[in-house]
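Number of protein chains: 2
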Amino acid sequence: MLPIAVDAMGGDHAPSEIVSGARLAFEAGIPVTLVGRAADIGDTGPLVVHEASEVIAMDDDPAQGVRRKKDSSLVRAAELVRDGAASAMVSAGNTGATMASALLRMGRIKGVNRPAIATPLPVIGTTPTTLLDAGANAEVQPEWLVQFAQMGSVYARHRFGIVKPRVGLLSIGEESSKGTSLVKATHRMLAEAGGVHFIGNVEGRDVLTDQVDVVVTDGFTGNVMLKTLEGALDALVPALITGLREEKALSDHVEAVVPAIYRVRDRLDPENTGGAMLLGVDGVCIISHGSSRAKSIANAARIAQEMVLAGVVGELRSAVAPA
Amino acid sequence: MLPIAVDAMGGDHAPSEIVSGARLAFEAGIPVTLVGRAADIGDTGPLVVHEASEVIAMDDDPAQGVRRKKDSSLVRAAELVRDGAASAMVSAGNTGATMASALLRMGRIKGVNRPAIATPLPVIGTTPTTLLDAGANAEVQPEWLVQFAQMGSVYARHRFGIVKPRVGLLSIGEESSKGTSLVKATHRMLAEAGGVHFIGNVEGRDVLTDQVDVVVTDGFTGNVMLKTLEGALDALVPALITGLREEKALSDHVEAVVPAIYRVRDRLDPENTGGAMLLGVDGVCIISHGSSRAKSIANAARIAQEMVLAGVVGELRSAVAPA
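Same order as they appear, the protein sequences are chains A and B.
Counting from 313, one number per residue, gives the positions in the first sequence under our numbering.
Counting from 313, one number per residue, gives the positions in the second sequence under our numbering.
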């Protein structure tokens with residue numbers, strides 16, 4: 313297969329951790345190529361670097377960044393996919409600019425209203441729950457949410473091997489009468505939509521359970537949920553350790569398990585499941601967390617390879633095609 | 313002070329746990345009275361029971377329940393407050409029906425557009441964060457959110473002694489340009505609103521930190537966030553224990569700390585902080601979690617007493633009065 317274009321310049325730990333991650337992927341047999349400023353990147357070992365002279369910073373305005381920095385690593389990575397020189401792109405950089413680059417250079421899949429970010433949330437003991445939209449579209453239409461359900465089902469099927477993913481619509485009560493007018497209208501449409509195994513409304517507390525495989529919502533609510541979960545993990549683990557340390561009688565036991573608590577924490581972290589995918593653009597685009605280190609980047613490259621080999625873009629095209 | 317009217321019939325463990333909770337409160341010196349079907353309630357010791365022949369079930373339609381069951385414990389409890397026979401009401405019953413009873417019988421504070429549910433979220437090491445609206449209004453207007461900010465500030469001041477509560481607007485980025493059109497319009501209005509120490513947008517991951525005291529959002533997003541946090545706690549603690557148990561070398565230490573993990577978990581549970589208050593109705597109305605047991609009900613009665621003694625309803629009236 314064609315190499316995966318990894319944006320060497322994006323992310324809090326770019327370029328060093330990104331390059332290390334790309335090398336890890338390469339050593340695992342995944343074809344990768346780097347995109348960025350060769351002078352900044354340094355030694356890449358056996359990896360090819362596609363020169364791109366500009367960088368869209370983490371806090372740049374996405375639309376302006378993509379419009380003005382035509383020779384940026386993000387724009388060039390998307391062009392490599394468009395031009396058939398790469399099979400996929402991976403970036404831990406500015407999320408908005410990653411979406412804009414993919415959308416403007418690769419284009420949308422025919423029939424897709426809006427691309428959405430599908431983010432897997434780890435669920436202990438079973439397959440992850442796919443949340444979408446995790447932040448691409450703050451405001452949506454019911455028709456878009458129906459497509460998110462169709463696209464999320466394709467993703468969950470190919471990424472996690474779930475034959476018939478159960479799709480839930482995020483709301484504030486199980487009854488179809490609960491929620492905003494948007495949710496109520498979407499509920500009616502999902503009940504009749506093709507290619508979706510719709511199980512009805514789900515609530516915030518169902519998302520991390522075995523009750524649902526794909527959770528559909530607008531990008532505002534989805535992003536709030538994702539960040540709330542990240543924040544909960546950030547808050548709860550130190551709080552738990554502090555609380556345990558207050559139990560003086562247990563101090564030997566507590567100190568012995570503290571490192572293990574952090575190990576389990578890392579398995580539960582949505583950042584470490586990784587492989588959020590921008591669904592609906594005409595190519596594979598994997599969005600990594602800004603805080604990604606080498607292992608996360610290698611993991612993202614592996615997921616990109618899986619999605620390419622599974623032909624997910626073609627599957628998405630079929631899923632949204634009018635019946 | 314006048315007694316607090318406790319709805320004996322509402323909640324998953326009514327009436328037995330509710331009655332036990334009311335008795336705990338009474339023994340702690342808090343004046344309480346029960347409302348419900350005396351025949352079902354049984355022995356109440358020294359507590360007076362106000363007879364109400366009907367019950368609005370947990371899954372009844374709220375508006376219909378309140379309209380049709382005029383002699384229900386919820387409607388009667390709200391009437392006791394309206395008629396000056398009780399100082400506050402407490403219920404662990406049907407949340408929608410509790411809101412409707414309070415709103416229809418007590419009425420709104422003059423000038424309030426819509427009442428909102430203020431729910432405290434525990435933050436280890438500091439005062440809780442007050443989240444509102446936690447579910448009363450799925451769809452809102454910017455003006456309502458500004459009032460929520462004003463009312464939430466009053467609540468945080470009197471409930472937690474925070475002199476100048478920092479108010480954040482929930483969004484999906486810190487910049488004022490981020491979020492939905494509703495959020496952007498609200499941001500502009502909050503920046504100029506009286507009685508609010510507005511610190512700008514906050515994200516899901518800030519809510520459980522020491523960065524903000526009052527988080528304002530619509531009732532859809534707020535309810536999703538609250539239930540996501542509850543679900544995260546439900547999922548993470550068992551997942552953590554399962555993960556720790558996989559580390560066989562640590563098994564003695566792990567088993568020794570498991571009970572302590574559950575003890576800390578309970579301190580972190582928003583259900584146990586309790587004392588969600590319906591702000592904006594003309595009386596004190598405390599909404600307890602449906603799963604409340606005796607201790608939570610006693611705690612809710614204590615909070616109701618504090619809010620009455622602090623004159624919070626009068627403070628709310630001043631906060632929303634036009635300058």
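These are computed hints drawn from the structure, not numbers from a lab.
As the structure is a prediction and not an experimental result, all values here were calculated from the model.
Please note: incorrect hints may appear among the correct ones.
Copies of the same chain look alike in the list, so a pair counts if it fits in one copy or across any two.
Straight-line C-alpha distance at most 27 Å; calculated DSS-like pairs for lysine-lysine [unchecked claim]:
#1 Lys476 / Lys382
#2 Lys607 / Lys496
#3 Lys422 / Lys560
#4 Lys560 / Lys476
#5 Lys490 / Lys560
#6 Lys382 / Lys490
#7 Lys382 / Lys422
#8 Lys382 / Lys607
#9 Lys476 / Lys607
#10 Lys607 / Lys422
#11 Lys476 / Lys490
#12 Lys496 / Lys382
#13 Lys607 / Lys560
#14 Lys382 / Lys560
#15 Lys476 / Lys422
#16 Lys490 / Lys607
#17 Lys560 / Lys496
How the hints compare with the structure:
no.	hint	in the structure
1	Lys476 / Lys382	neither (41 Å within a copy, 47 Å between copies)
2	Lys607 / Lys496	neither (41 Å within a copy, 37 Å between copies)
3	Lys422 / Lys560	neither (63 Å within a copy, 53 Å between copies)
4	Lys560 / Lys476	neither (50 Å within a copy, 36 Å between copies)
5	Lys490 / Lys560	neither (47 Å within a copy, 46 Å between copies)
6	Lys382 / Lys490	between (46 Å within a copy, 24 Å between copies)
7	Lys382 / Lys422	within (25 Å within a copy, 57 Å between copies)
8	Lys382 / Lys607	neither (29 Å within a copy, 62 Å between copies)
9	Lys476 / Lys607	neither (30 Å within a copy, 44 Å between copies)
10	Lys607 / Lys422	neither (34 Å within a copy, 58 Å between copies)
11	Lys476 / Lys490	within (26 Å within a copy, 36 Å between copies)
12	Lys496 / Lys382	neither (42 Å within a copy, 30 Å between copies)
13	Lys607 / Lys560	between (37 Å within a copy, 26 Å between copies)
14	Lys382 / Lys560	neither (60 Å within a copy, 54 Å between copies)
15	Lys476 / Lys422	within (24 Å within a copy, 53 Å between copies)
16	Lys490 / Lys607	neither (42 Å within a copy, 31 Å between copies)
17	Lys560 / Lys496	neither (52 Å within a copy, 49 Å between copies)
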